[in-house]
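K.L.:
Protein sequence lines, in the order shown, are assigned to chains L and U.
The numbers in this note's numbering rise by one with no breaks, and the one at position 16 of the first sequence is 16.
The numbers in this note's numbering rise by one with no breaks, and the one at position 43 of the second sequence is 43.
If you're looking for bench data, these hints aren't it; they were derived computationally from the structure.
Predicted model only: the values in this text are computed from it and were never measured.
Don't take every hint at face value.
When chains are identical, the list treats them as one kind, so a pair holds in a single copy or across two.
Stated by the list, open to error - Simulated crosslink set (DSSO-like; lysine-lysine; CA at most 30 Å straight-line):
#, residue 1, residue 2
1, Lys29, Lys95
2, Lys95, Lys65
3, Lys65, Lys39
4, Lys39, Lys95
5, Lys102, Lys26
6, Lys29, Lys77
7, Lys77, Lys65
8, Lys39, Lys26
9, Lys65, Lys26
10, Lys102, Lys29
11, Lys77, Lys95
12, Lys77, Lys26
13, Lys102, Lys65
14, Lys77, Lys102
15, Lys29, Lys39
16, Lys26, Lys95
17, Lys39, Lys77
18, Lys29, Lys65
There are 2 protein chains.
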Amino acid sequence: MVSSRVNVDRIFRALGDPTRRALVEKLSKGPVPASILAKTLEITLSAVIQHLQVLEESGLIHTQKLGRVRTCQIEPKGLSLAEQWLSDRRSLWAKRYDRLEKLLAAPDDI
Amino acid sequence: MVSSRVNVDRIFRALGDPTRRALVEKLSKGPVPASILAKTLEITLSAVIQHLQVLEESGLIHTQKLGRVRTCQIEPKGLSLAEQWLSDRRSLWAKRYDRLEKLLAAPDDI
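Generate the whole structure from the sequences, applying the supplied hints.
P.N.:
Structure below.
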């Protein structure tokens with residue numbers, strides 16, 4: 001439970017940055033080398049590597065170095081974890097809202 | 001399209017902060033006055049109001065002032081928008097992965 005909360009914290013902090021979300025967008029279409037990501041997003045390689053590190057530490061992507069090429073790909077579990085957090089909050093809210101609607105629709109006992 | 005992207009940007013930036021996520025957690029259980037949120041989270045009222053403003057501007061909550069009490073509640077559309085963004089990225093990745101698996105499983109034509 002604690003480690004899942006830590007992950008969710010890291011994931012949302014990672015996704016709070018527009019460049020990192022742009023990286024996730026690119027990677028959702030397939031694995032891409034870090035150097036290509038830097039060119040596509042028009043940022044320096046060292047900046048892209050820093051962002052990739054934050055994404056990797058949060059569990060949203062994983063990277064693999066083969067020779068001099070670091071290739072990055074999506075880790076779908078990370079996306080699912082954040083989706084689950086949002087969906088849980090939304091269903092808690094919906095249950096509460098349903099209860100309130102039923103209460104207001106119920107005939108008056110007095 | 002543009003305004004939906006702006007919203008997603010604001011939503012993830014808003015959720016990137018642990019205090020704001022804690023506020024969303026509390027509010028998913030039902031509407032709460034700002035002063036109670038400040039007490040529950042043990043932060044000052046002015047800090048809570050700043051966070052609530054960011055959440056409201058991102059479309060994750062809405063607030064209503066009745067007399068001296070500002071009550072806050074979840075805006076489920078905001079949560080759905082972020083969920084949709086994550087789910088779209090995940091399904092793009094899954095489609096790509098399926099294609100790759102089929103390609104690897106296909107008999108060699110040569």
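K.L.:
A separate judgement is required for each hint: does it hold in the structure or not?
P.N.:
Okay, the hints, checked on the actual structure:
Proximity of Lys29 and Lys95 under a CA criterion of 30 Å is satisfied inter-copy only: 9 Å between copies versus 36 Å inside one chain copy. Taking the shortest alpha-carbon separations for Lys95 and Lys65, only the inter-copy value of 24 Å comes in at or below 30 Å, while the best intra-copy value is 47 Å. Within a single copy, Lys65 and Lys39 get their C-alpha atoms as close as 18 Å, which meets the 30 Å cut-off; across copies the closest is 49 Å, which misses it. Taking the shortest alpha-carbon separations for Lys39 and Lys95, only the inter-copy value of 25 Å comes in at or below 30 Å, while the best intra-copy value is 47 Å.
Taking the shortest Cα distances, Lys102 and Lys26 sit within 30 Å of each other only across copies (22 Å), while inside one copy they are farther apart (45 Å). Taking the shortest Cα distances, Lys29 and Lys77 sit within 30 Å of each other both inside one copy (16 Å) and across copies (26 Å). Taking the shortest alpha-carbon separations for Lys77 and Lys65, only the intra-copy value of 21 Å comes in at or below 30 Å, while the best inter-copy value is 40 Å. Taking the shortest alpha-carbon separations for Lys39 and Lys26, only the intra-copy value of 12 Å comes in at or below 30 Å, while the best inter-copy value is 42 Å.
For the homomeric pair Lys65 and Lys26, the shortest alpha-carbon distance inside one copy (19 Å) is at most 30 Å, but the shortest distance between copies (42 Å) is not. For a Cα distance limit of 30 Å, the shortest separation of Lys102 from Lys29 across copies, 16 Å, qualifies, whereas the shortest one inside one copy, 44 Å, does not. Both within a single protomer and between protomers do Lys77 and Lys95 lie at most 30 Å apart by alpha-carbon distance, with minima of 26 Å and 15 Å respectively. For the identical chains of this complex, Lys77 and Lys26 are neighbours both inside a copy (17 Å) and across copies (25 Å), given an alpha-carbon limit of 30 Å.
For the homomeric pair Lys102 and Lys65, the shortest alpha-carbon distance between copies (25 Å) is at most 30 Å, but the shortest distance inside one copy (57 Å) is not. Proximity of Lys77 and Lys102 under a CA criterion of 30 Å is satisfied inter-copy only: 22 Å between copies versus 37 Å inside one chain copy. When the C-alpha separation of Lys29 and Lys39 is checked against a cutoff of 30 Å, the pair qualifies only within one copy, where the shortest distance is 16 Å, while the shortest distance between copies is 45 Å. Taking the shortest alpha-carbon separations for Lys26 and Lys95, only the inter-copy value of 14 Å comes in at or below 30 Å, while the best intra-copy value is 36 Å.
Only within a single protomer do Lys39 and Lys77 lie at most 30 Å apart by alpha-carbon distance; the minimum there is 27 Å, versus 35 Å between protomers. In this assembly of identical chains, Lys29 and Lys65 lie within 30 Å of each other by CA distance solely inside one copy; the values are 19 Å within and 45 Å between copies.
The structure fails none of the hints (numbered hints given earlier).
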